[in-house]
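Student: What follows is the residue order along each chain.
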Amino acid sequence: MTASFTPNGIITLTTDFGTRDPFVGLMKGVILSRYMQAKLIDLTHEIPPYRPAVAGFWLARSWQYFPTGTIHLAVVDPGVGTDRGLVAITVEGQLFIAPDNGLLEEVAVSADRAEWRRVDLERLRPVLPTIASNTFHGRDIFAPLVAEIATGRLQVEQVGDRLDRLISKSARSFGDEIAGEIMVIDHFGNLITNIEALELQRIPEPKIHFHGQVFDLHRTYGAAKRGEVIALINSFGVLELAQAQGNAQTTLAATLGERVVVRGG
Amino acid sequence: MTASFTPNGIITLTTDFGTRDPFVGLMKGVILSRYMQAKLIDLTHEIPPYRPAVAGFWLARSWQYFPTGTIHLAVVDPGVGTDRGLVAITVEGQLFIAPDNGLLEEVAVSADRAEWRRVDLERLRPVLPTIASNTFHGRDIFAPLVAEIATGRLQVEQVGDRLDRLISKSARSFGDEIAGEIMVIDHFGNLITNIEALELQRIPEPKIHFHGQVFDLHRTYGAAKRGEVIALINSFGVLELAQAQGNAQTTLAATLGERVVVRGG
Amino acid sequence: MTASFTPNGIITLTTDFGTRDPFVGLMKGVILSRYMQAKLIDLTHEIPPYRPAVAGFWLARSWQYFPTGTIHLAVVDPGVGTDRGLVAITVEGQLFIAPDNGLLEEVAVSADRAEWRRVDLERLRPVLPTIASNTFHGRDIFAPLVAEIATGRLQVEQVGDRLDRLISKSARSFGDEIAGEIMVIDHFGNLITNIEALELQRIPEPKIHFHGQVFDLHRTYGAAKRGEVIALINSFGVLELAQAQGNAQTTLAATLGERVVVRGG
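Protein chains in written order, with our numbering: chain R, 1 to 265; chain Z, 266 to 530; chain U, 531 to 795.
Among these hints, one or two may not hold up.
Result set (DSS-like, lysine-lysine): computed pairs, CA atoms no more than 30 Å apart in a straight line [claimed, not checked]: (1) U:Lys569 with R:Lys39; (2) U:Lys699 with U:Lys737; (3) R:Lys207 with R:Lys169; (4) U:Lys569 with Z:Lys304; (5) Z:Lys304 with R:Lys39; (6) R:Lys225 with R:Lys207; (7) Z:Lys434 with Z:Lys490; (8) Z:Lys490 with Z:Lys472; (9) U:Lys737 with U:Lys755.
Derived by calculation from the structure, the hints in this document are not laboratory data.
Modelling step: build the complete structure from the supplied sequences, incorporating the hints.
Tutor: Structure (structure tokens):
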């Protein structure tokens with residue numbers, strides 16, 4: 001059997017650690033201590049605290065832009081210090097490592113085939129350090145683990161046994177209606193939903209309902225008049241509410257997790 | 266004819282994308298997919314949304330600190346999805362690429378000579394991907410474009426035709442008075458204006474007028490007493506209002522774009 | 531005598547510059563202009579403005595995760611533009627450079643032996659540029675200085691004379707009581723004190739007193755119920771007040787610098 005993953009040296013980092021403290025810098029120090037050639041890319045460190053699903057949402061729509069051989073490390077870990085496990089999945093020649101808390105499910109769904117493994121810390125004891133802290137596994141476990149894999153000294157097949165997991169997409173369509181929610185409010189105040197372009201295609205002349213208002217589906221931001229709120233399929237293939245040169249979050253008084261419904265016109 | 270630009274591998278990024286979402290990380294993924302050796306430097310991703318002039322203000326005062334051969338990519342792009350073009354300018358052996366919305370004008374003015382080119386996406390179709398999104402040109406057009414140039418596979422001369430553009434500095438002096446505005450409020454709350462040291466020299470014993478108060482021109486922060494608000498020529502060669510070990514923005518209740526006037530003493 | 535420091539190419543950056551403006555990017559441009567192979571790692575740029583002690587707190591607990599030969603540059607510099615000096619210290623094969631304002635004292639205490647040197651800008655004039663600005667020494671003095679050392683062209687022994695400095699840890703224990711303060715409020719709202727695990731061990735059944743409430747010492751976040759506020763020794767070896775999956779800062783209405791006391795049970 002050939003190896004399912006050959007590292008290219010790139011390691012992306014996705015966390016809810018923020019940038020106020022040196023937490024991310026310390027993970028990078030640990031990685032460079034083991035692998036000076038690592039190419040470290042910050043995806044984001046501002047996942048809302050303790051919301052693994054948001055990290056999964058972005059990772060599932062980001063990996064396609066990285067080359068084969070990239071390692072994606074995601075640490076959003078409300079259960080740190082308990083006995084929650086760690087998982088690794090391989091998707092089209094890229095590797096993802098995260099706490100086993102559902103974070104990687106949407107990544108698995110985003111590809112035709114995902115190979116799951118549990119990370120067996122007992123078996124890895126010879127290459128990983130004694131666990132120094134009960135609270136900062138990003139620095140003390142995840143960082144040395146991805147560094148060892150990135151160097152090629154540790155094979156993905158060695159981190160632990162295969163897991164037999166089949167994740168399927170949750171259906172959100174009922175009859176002529178699709179019900180989704182606001183998954184992300186981005187830097188511009190755009191309201192990004194989990195309703196996908198493919199789902200929308202089923203519905204003739206779709207109208208988007210939110211907070212008692214109804215929005216038409218537009219083609220792009222630029223086509224809208226300044227200040228107009230529009231619905232569009234964004235560059236990640238999902239439905240988004242946006243205000244042209246404005247902030248839809250404040251204009252619509254929207255919050256994370258609110259319901260968005262699509263119905264035929 | 267010799268090439269006007271030889272890449273050194275450094276690509277700086279300036280955007281209004283913020284760091285909350287993975288937008289910048291995705292641009293880096295696209296660049297590394299085409300050019301693994303790229304040295305990616307974040308200039309800032311917190312340009313106020315949709316304010317290309319602020320990006321231009323900083324780029325015009327930043328490029329001097331980078332080596333010959335650096336590529337500066339700036340994406341502050343309120344017109345994304347419309348038919349606004351893209352431009353490239355070469356200034357003293359460095360290359361700048363941005364939407365054609367005025368962003369690069371101050372960069373052109375900051376050097377003796379700037380060579381402008383329009384970016385011809387039709388001509389570049391063989392090397393650039395089919396345009397996948399109407400809204401994220403940073404990821405889908407700008408990132409692969411700068412990567413191709415950084416590798417040396419694409420010459421600046423090949424991106425499109427020369428443009429015959431002459432940008433001249435706008436005069437802000439009238440008689441004994443200079444009228445400027447607050448261009449940037451920085452992280453420390455310093456109020457950075459667009460009034461330059463050279464303009465100030467023409468005025469004997471200059472007094473700075475703002476919000477009905479009058480300030481003397483000081484030499485440095487350190488010379489001021491803690492809490493004192495002073496005017497000084499900052500390290501970028503422009504007039505700034507600052508509070509020693511304090512925050513001038515909150516102390517003076519200042520906002521972006523407000524008028525600052527200098528008159529003789 | 532053998533050199534006490536051999537650079538490995540890594541330079542970490544710790545400042546209070548924030549990320550809104552291109553200040554950090556400019557320091558990186560200056561460093562790369564002199565040393566293209568530099569590996570630049572951001573530790574944090576969000577030290578509270580003008581608080582060198584917070585930078586020192588983090589550096590003293592961070593350097594252990596970087597390899598021998600790393601240079602740590604810290605610029606939190608309320609006295610910029612006055613005649614405050616610059617210092618360099620060598621600690622277990624790593625080098626730290628900062629303004630001489632107390633920032634590096636806790637780093638010196640964190641190791642068995644620290645070698646102090648003053649940075650003699652007069653002597654360095656041949657390799658450092660004419661000082662261009664009175665206000666941005668990070669860009670104009672510190673950045674070129676660390677770049678020259680990182681390349682190996684400038685030895686630590688050449689930056690200036692040895693300083694005979696002995697810093698000792700300040701005692702915070704009196705009888706059965708330890709009095710500390712909140713040094714850092716992190717991204718998660720955790721209240722991180724300067725009370726160390728070693729000090730706590732002296733006290734049987736320690737109880738933590740803050741704002742009139744009393745907290746027990748727990749082993750980890752994960753063991754607590756959601757919403758519970760607990761005290762624990764964190765992954766940096768100091769006492770911390772944290773709320774499980776919540777924000778202790780807002781729940782306890784805490785602010786930086788407030789007093790935390792430990793007494794026997």
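Student: Check the hint pairing Z:Lys434 with Z:Lys490 against an upper bound of 30 Å on the C-alpha distance.
Tutor: Between Z:Lys434 and Z:Lys490 the Cα gap is close to 36 Å, so the pair fails against 30 Å, i.e. violated.
Student: U:Lys569 and Z:Lys304 were given as a pair; does the straight-line alpha-carbon distance stay at or below 30 Å?
Tutor: 10 Å, holds
Student: For the pair we were handed, U:Lys699 and U:Lys737, check the Cα-Cα distance against 30 Å.
Tutor: Holds. U:Lys699 to U:Lys737 sits at ~23 Å (cutoff 30 Å).
Student: Between the alpha carbons of Z:Lys490 and Z:Lys472, is the straight-line distance 30 Å or under?
Tutor: Satisfied, since the Cα-Cα distance of roughly 19 Å is no more than 30 Å.
Student: R:Lys207 and R:Lys169 were given as a pair; does the straight-line alpha-carbon distance stay at or below 30 Å?
Tutor: 23 Å, holds
Student: Does R:Lys207 lie within 30 Å of R:Lys225 when you go C-alpha to C-alpha?
Tutor: Holds - the C-alpha atoms of R:Lys207 and R:Lys225 are around 19 Å apart, at most 30 Å.
Student: For Z:Lys304 and R:Lys39, compute the direct alpha-carbon distance and say whether it is at most 30 Å.
Tutor: Given pair Z:Lys304, R:Lys39 holds - Cα atoms ~10 Å apart, limit 30 Å.
Student: Are the Cα positions of U:Lys569 and R:Lys39 separated by 30 Å at most?
Tutor: Since the Cα atoms of U:Lys569 and R:Lys39 sit roughly 10 Å apart, the hinted pair holds (cutoff 30 Å).
Student: Can you confirm whether the C-alpha distance between U:Lys737 and U:Lys755 stays at or below 30 Å?
Tutor: 19 Å, holds
Checked against the numbered hints listed earlier, the structure breaks hint 7 alone; every other hint is satisfied.
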